[in-house]
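Asker: Given next are the chains, with one letter for each unit.
Number of protein chains: 2
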Amino acid sequence: VEGQEADFIQSSLEGVKPVDITELLEEFDAEESKYVLDLLAPQVGAEVVIELEEDLQGRFLTIFSSEEIARYIDCLDSDDGVHLLNLLSISRREEVISLLENEEKAGHLLDLLRYDDDVAGGLMAKELIKANHNWTIKRCIEEIRKQAENVQKIYSVYVVDDHDKLLGKVSLKRIILADDNTKIADIYDSDIAMVETFVEEEEVVQIMQKYDLDALPVVNVRGKLMGRITIDDVLDVITEQAEEDIQMMSGISADVEEDDTVWIISKARLPWLVIGLVGGLLGAKFISLFEADIALVPVMAFFIPLITATGGNVGIQSSTIVVQGLANSSVFRDSIFKKLIKTFLVAVVNGIILAIIVFGIVIFSTSDQTIATTVSTALFSVVLLASFMGTITPLILDKLGVNPAIASGPFITTANDLLGLAVYFFVAHQLYGL
Amino acid sequence: VEGQEADFIQSSLEGVKPVDITELLEEFDAEESKYVLDLLAPQVGAEVVIELEEDLQGRFLTIFSSEEIARYIDCLDSDDGVHLLNLLSISRREEVISLLENEEKAGHLLDLLRYDDDVAGGLMAKELIKANHNWTIKRCIEEIRKQAENVQKIYSVYVVDDHDKLLGKVSLKRIILADDNTKIADIYDSDIAMVETFVEEEEVVQIMQKYDLDALPVVNVRGKLMGRITIDDVLDVITEQAEEDIQMMSGISADVEEDDTVWIISKARLPWLVIGLVGGLLGAKFISLFEADIALVPVMAFFIPLITATGGNVGIQSSTIVVQGLANSSVFRDSIFKKLIKTFLVAVVNGIILAIIVFGIVIFSTSDQTIATTVSTALFSVVLLASFMGTITPLILDKLGVNPAIASGPFITTANDLLGLAVYFFVAHQLYGL
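Those protein sequence lines, which keep their order, are chains A and B. For the first sequence, counting from 1, position 132 maps to 132 in this note's numbering; every step adds exactly one. For the second sequence, counting from 1, position 74 maps to 74 in this note's numbering; every step adds exactly one.
I should point out that these hints are in silico values taken from the structure, not numbers from a laboratory. Certain hints may be false.
If the Cβ cut is set under 10 Å, some of the chain A residues that face chain B in the computed set are [what the hints assert, rightly or not]:
#1 V234
#2 A292
#3 F302
Part of the chain A face toward chain B, derived, beta carbon under 7 Å [unchecked claim]:
#4 I207
#5 K224
#6 I231
#7 P298
#8 I316
#9 Q317
Result set (DSSO-like, lysine-lysine): computed pairs, CA atoms no more than 27 Å apart in a straight line [stated by the list, open to error]:
#10 B:K183 to A:K153
#11 A:K153 to B:K165
#12 B:K153 to B:K17
#13 A:K17 to B:K153
#14 A:K138 to B:K146
#15 B:K153 to A:K34
#16 B:K153 to A:K210
#17 B:K153 to A:K138
#18 A:K267 to B:K339
A virtual CB, placed ideally from N, CA and C, is assigned to each residue, including glycine.
So that you can see chain A by itself, here it is in the shape it has in the complex (with noise of 0.2 Å):
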């Protein structure tokens, strides 16, 4: 790139997929991208542009011209537009939408501006074939062949009635191997999925995964067709689910990646150390009570970390279970009663297997009975505790409508240092009888 020779440039991108030209202009900076962007034609280039990260797809826009932003536009499906237009200010939005030659399509994208993007109404998109179903096949397929341009991926035809409501779907397949009189009152499914657009995202993924979906309906609370969902969009959001759910359980309070500044990645990975670090102090003001017996028995001081650790593992373990489960809900799941006297049990199984092996250890290592004692008895104590935290916590979250996700992580671990060293503590004071 650095010599411009915009000839080779346009030659060897000849025919590279647009994702993989999106991989190439991530190692670019702006403007260098721009001038590749620019001998693109402007198709091969809306798409490369919406595969970009979307903090770069952020800088991307801001040297891009309302006039250039307009022409991708016109070339993306109407949901990929809108996640465009929802990185612009409000007055550019605006402009950007007068600037599009297709004015269905501009209607579209203010229409569906109107959504949440974590709701199916904000994930869907206008494209779609509809057919009525006083049509005959070929009347549809005619339609098809109209419609087909602007809709990448047909999977099904929308049947809908006069006043545009949706009464199933005929895959393309059955129109292939129909009649050409047939009319499609007589061969669409009318027993079919939909959505209404308010529905959250979590739910829409639930649904199509569930019944093995590539596409589905979406609908306004008067069942007219507003647009439909596709798996691929489905795919992106259960990935940014998963991620999302395992940088909470590592205790990071943003969506940070790898590539992401200095700065940004320390600041979202702060919050939660810091609550650590109170939970520590908390921890060590706690342990203060107990100066005198730790100068007296320093021993005791050796098994804090033995204890907590545990605390926290047991904690996280138990509390992944949990979150697992009611992330497959179903509607016949044991009930919290039953829940909670499967983890006691699991609880007292691991408690007594680390007890006797710490007893075994420790007696055999310093064949102080006193400190074996203790140490096993608050390890058992301990297990069960966490275990009960690590249960209780995320059905408490999920029930509050937070995203019990959050509970795996540094929460429970910091809650359970501190229950640790409660339970070591008075143990230990009450063995030794200080």
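Take the given structure of chain A and dock chain B to it, following the hints.
Answerer: Relative to chain A, chain B alone:
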């Protein structure tokens, strides 16, 4: 189900989607479920069984006769059929295959059984529609008519030469829009993605997600079309991988679910708890080296949990960012050197902020300058070291071919606990001049 009124069950399940019947059955015991399944048409029953969780499927297969299993497999796509066969013993597999009515399917299944289930060959189904490049659209539609019964979703027609070598594909949309006498050779798209049978499922997922594919053809080393992988199978792989990574991060060593028995869950949780325990015991051993110091300055013990918790949190944050970076692999990622520099800078920023906070609070509450200096110096060093460990461990594991997600879990926490203790007591010992 108690009363077992067959008519009532049959009528109430009519029109219910198979996956919903599956959810119902998961609440019943095997005998009750078999009673219900026997009342359903084989086609519906087969789909209900394939949606069951794997351990339930295994239990069902033991109470079904080989004839019944064969009848179900006759109704299933080859990829689902082979999944059921894989749950049977080898001798029973052969018996079931010999009982299949559809001989073509029997051949398909024998073919698919050869592949591991985590490579492209194990994900693919043999059902697809292919057309010779010399055919006309008319001939192609006739062929679709013939083959369509076996293929649930068509997506594209694959174009092959006389030796079954994959040349490209034609979308159904294109077939509908083309003239009857057009030759396939003139309209097919030759620039398509394909994978060989031995490609790992992770790579299959990446390709399909990157290029937004609904179906991906699978070829053998000589380019012969062997089968195709559809997006719904890939969706399941993605979800499974995400769940697996999260479980690995939480120190759960086998794929367990809330519904599993107490013993299975306990067993899956124990290994990492024991490793954490051993880490804790090593920590105790280490602290015991400073027994005299603690007896003199018990305040040293107060901040043990603070140091270990921060080390653990920082380590998990770092490793998560690295692991997610590895997952979104791209040719042009930052070099390892650049990653380490960045990690170092982030650690310095966070370390300084945390150290200042801790110094302030400790000085304010204890007026003890030595302990404030000790804790903040140790904390800063621990943040640096834990970041380094959290970054380097997943990179090394990845190079060794181990799933790097394992490094984001108890492994890092345990290692960083020990590292944190070492730094802390070393610093304390120096500063107190003991």
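Asker: The structure should be examined with respect to each hint, and the outcome stated for every one.
Answerer: Evaluated hints:
1. V234: holds (8 Å)
2. A292: Check passed: Cβ of A292 of chain A comes within 8 Å of chain B, closer than 10 Å.
3. F302: holds (4 Å)
4. I207: violated (11 Å)
5. K224: violated (24 Å)
6. I231: holds (5 Å)
7. P298: Given a least distance of 4 Å, the restraint on P298 of chain A holds.
8. I316: I316 of chain A check passes; min Cβ-Cβ to chain B is 5 Å, inside 7 Å.
9. Q317: With a minimum Cβ separation of about 5 Å from chain B (threshold 7 Å), the hint on Q317 of chain A holds.
10. B:K183 to A:K153: Between K183 of chain B and K153 of chain A the Cα gap is close to 22 Å, so the pair holds against 27 Å.
11. A:K153 to B:K165: holds (26 Å)
12. B:K153 to B:K17: Holds. K153 of chain B to K17 of chain B sits at ~17 Å (cutoff 27 Å).
13. A:K17 to B:K153: holds (26 Å)
14. A:K138 to B:K146: This hinted pair holds, its Cα atoms lying about 22 Å apart.
15. B:K153 to A:K34: Cα-Cα ~40 Å, so violated.
16. B:K153 to A:K210: holds (16 Å)
17. B:K153 to A:K138: holds (22 Å)
18. A:K267 to B:K339: OK: K267 of chain A and K339 of chain B at ~18 Å, within 27 Å.
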